[in-house]
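Q: Whole structure, please, built from the sequences with the hints as guidance.
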Amino acid sequence: MALLSKATSLALVQNVHRLVGLPNGFPPPEAPPAPRVRLRAPGTRSAEHVDVAVIGAGPAGSAAALIAARAGLKVLLLERGEYPGAKNVSGAAFYGSAIMDELIPRWWEQAPVERYLSRRVLAFMAPETSVALDFRSARFAEPPYNGVAILRPKFDRWFADQAVAAGAFLLNAAVVDDVLWEDGRVAGVRVRRDGGDIRADVVIACDGANSLIAKKAGLQRQFHAHEMSLGVKEVLALDEATIRERFQLSGNDGMAVEYIGSITEEVSGGAFLYTNRNTLSLGIIGQISSLAQHKRRPYELLEGFKAHPAVAPLVRGGTVREYSAHIIPEAGWNMLPKLATGGMMVAGDAAALCFVAGLYLEGINYAILSGIAAGETAIAAYHEQDFSAASLARYETALKARHVLGDFHGYRHAPAMVNSERLQNLYPAVIAHAAEQIFRVRGEPKQKIGPIALEALRQHKVAPVELIQDMLNAGRSFGW
Amino acid sequence: MRIAVCLKHVPDITTVEVDPFTGAIDKSRLLFVTNPADTVALELALQLGGERGRVLGMTVGPSATEAVLRAALAVGATRVLRLWDERLDALAPPLTARLLAAALRGEGMPDLVLCGTRSSDVGSGQVPALLGEFLGWPVITDVTQIELEPHQARVQRRLDRGAREVLEVSLPAVLAVEPGLAQLRHASFPGLMRAQRAAIPVRGVNELGLNIDELVFALPVHQAFTPPRPRSRPIFTPDATRPPHERIAAIVEAGVTRKSGKVLEGAPQPMAEAIVAFLREQGFV
Amino acid sequence: MVTTLEERMRTVRFRVDDRPHILVNAGICKDCSVRACVYVCPANLFVPLDDGGILFNYEECFECGTCYIACDKEGAIQWSYPRGGYGVTFREA
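Residue numbers (the numbering used here), protein chains in the order written: chain D, 918 to 1397; chain G, -19 to 265; chain W, 28 to 120.
It should be emphasised that the hints constitute simulated quantities derived from the structure, not laboratory data.
Where is the CB? At the ideal position from N, CA and C, for every residue including glycine.
Careful: at least some of the hints might be erroneous.
[Unchecked claim] From chain G, some residues computed to sit far from chain W (all C-beta separations above 12 angstroms):
hint, residue
1, ASP(-8)
2, THR(-6)
3, ARG9
4, LEU11
5, MET89
6, LYS242
[What the hints assert, rightly or not] Some, not all, of what chain G presents toward chain D, calculated at C-beta under 10 angstroms:
hint, residue
7, HIS166
8, GLY171
9, LEU172
A: Given below as structure tokens:
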């Protein structure tokens, strides 16, 4: 090919030389067209005006855009990625099937779903041992499915397409840098492009965990490093048959495992593993302050997790298809922003609506719920043409009605509890130690479980006062 | 100034992953972009056209390739055109060039056609040459610089070993530009909105005044051969004892020393044998 | 089987802008002994220099925000997202 192309180009260049100097045998070009009138010089305000501008086409943004567009509002959905989901990372288990069913009936028949999570495992990890609670339910494998495994670049793209089908206008590659103010209330957004000012009656910020827009608008404060965790993740390729066999699954059933304990060594955090159709999603989560304090690199912890004797056989033979990282707002109730102001609401991770409480690791469902609530509030405000702070304060009422704020308030003590040193490392080690003693056969008199447990507590130097305090704390966080 | 730009929708080469065992490309991993050399052509078209310029962006391909035309509209192309026919199932350079030439005839001839010198996927570099042939226009490939003058262009062209040549060519002409010469401008917000809203016109084979039976043809193959594998050359490193400026000069020249030709004399047979021996030694035979 | 960070990073697609979206203030970093950014960055983009400064390579950034959250030096990391159309693009995450 190279030879051919060179020969052609040489011949044609000779042709050019021949042409130069010869009278032009081609018709003369037409007179130049009249100059085009520039409507707007670069950098000036664009004439664009929409009813609702939604920042971020993740689950919260697409839900808000879909709801508002269905009600006939003019909705602009702004996504900074090349496509919705291009910048988004989750585990990803999605436990909002019933909620999604309200929006898009029988959504699972058309959405890119990897597997239905009918098996949930909670594993307590010590360096060489692990104890797991393994739950299976045939009912979770039936519609509307309790939870599903998804891959965000595919799922988010599909969900945004549903908003577009409902009439929302999706614009990719549009980074929003700030909100515009008018008469003391938010009146639009500024996209980082020439002519990027857009007027909007309502701005719904769904710009994710960094929450830059909520901070710019003064609704969110700066984060502390102990409130945020970093998740690093791998998608591993493994063929479908191997996944079914290895995880004892049939058909499209799937499994979600959450690991707590020493899996992130001295760093506060945990790990996860989800089965997809022909890949596994797995990763570790580490509290940012804890990573910094212990000077631990997240990808080394990920490597350690994959090498743990309880995990290595599960990931054996899997090749890395993609590595990714994202932050998670973990402080729940204690880091909720001011949810609304005049002309603006905040939803999803941007509003820190991420439910992290050991047993639970949920965010997409709350993102969709808050997106719906924000969309409905925008519709009500639009009908009354009242976009004041008082009008949009109804968003909070809507979030309460959908049990979002109730969940976060109820579990407000859980994040600190889950990230505490004793729950992170001590108790999983005690449980694993006790389990080892219970199952070990030595040919000596069999001890009863009570003395074994007491001995395990003593060996790990658990102070009785701390234990009782933690039990009360756990009760307050999860029990009542 | 009316400038037509040919744009190709290609996989981003960083997303092309080949299975080492089967040699198959994993299509699920591909992300598509405008061919990098074509984005240079588009940027140069916008610059050369100036405020009064009219830039027509064209591509050949199914509906997914609209993305490159929307991207062109977003940065300021005046008009775009997609050429495709459901009866076509694959692209070949002669077909692409025929469709492009027919479209240009139908749309009113531009003053200049800019192409990327080759695509980053197949990269045969044939379309600009064939397009020039079908239009009956001069073609210059490997272009590194363009200056427009009334009715003609002064063009710098890349030659081997870092050499350049400057050519003058009468317009209209087809110029194929090298990748990396210019970075495509960042679209404005109104441009992006306009591009997203635009309906992209499509021209089929019949609308272009062509006959499908004449387009779907097998390329005549006169002779197929595998060229000999060239001898591998050691990487040149300059003599470390030389002063820096001499070493830099040596690196810039890539270690190539001008060879003087060897002149053979004598009877035809020994000369022929010497030539064959030389070709064999050089790996050509 | 151990996967190196380099192997992992090769699985990610980045469209690199010609301008950095994150700026690191070398003057402030010189007075910092904590250097949390060096450890927490999931792409290992912060490189300590001999002169006490920090070199930041923006090209393969996940845009996660961990660095500025971990950093306790006011003004050391000026953080934003890349321009539209640039930066990381996940295909499967």
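Q: Any hints this thing doesn't respect? Which numbers, in order?
A: 1, 2, 3 and 4
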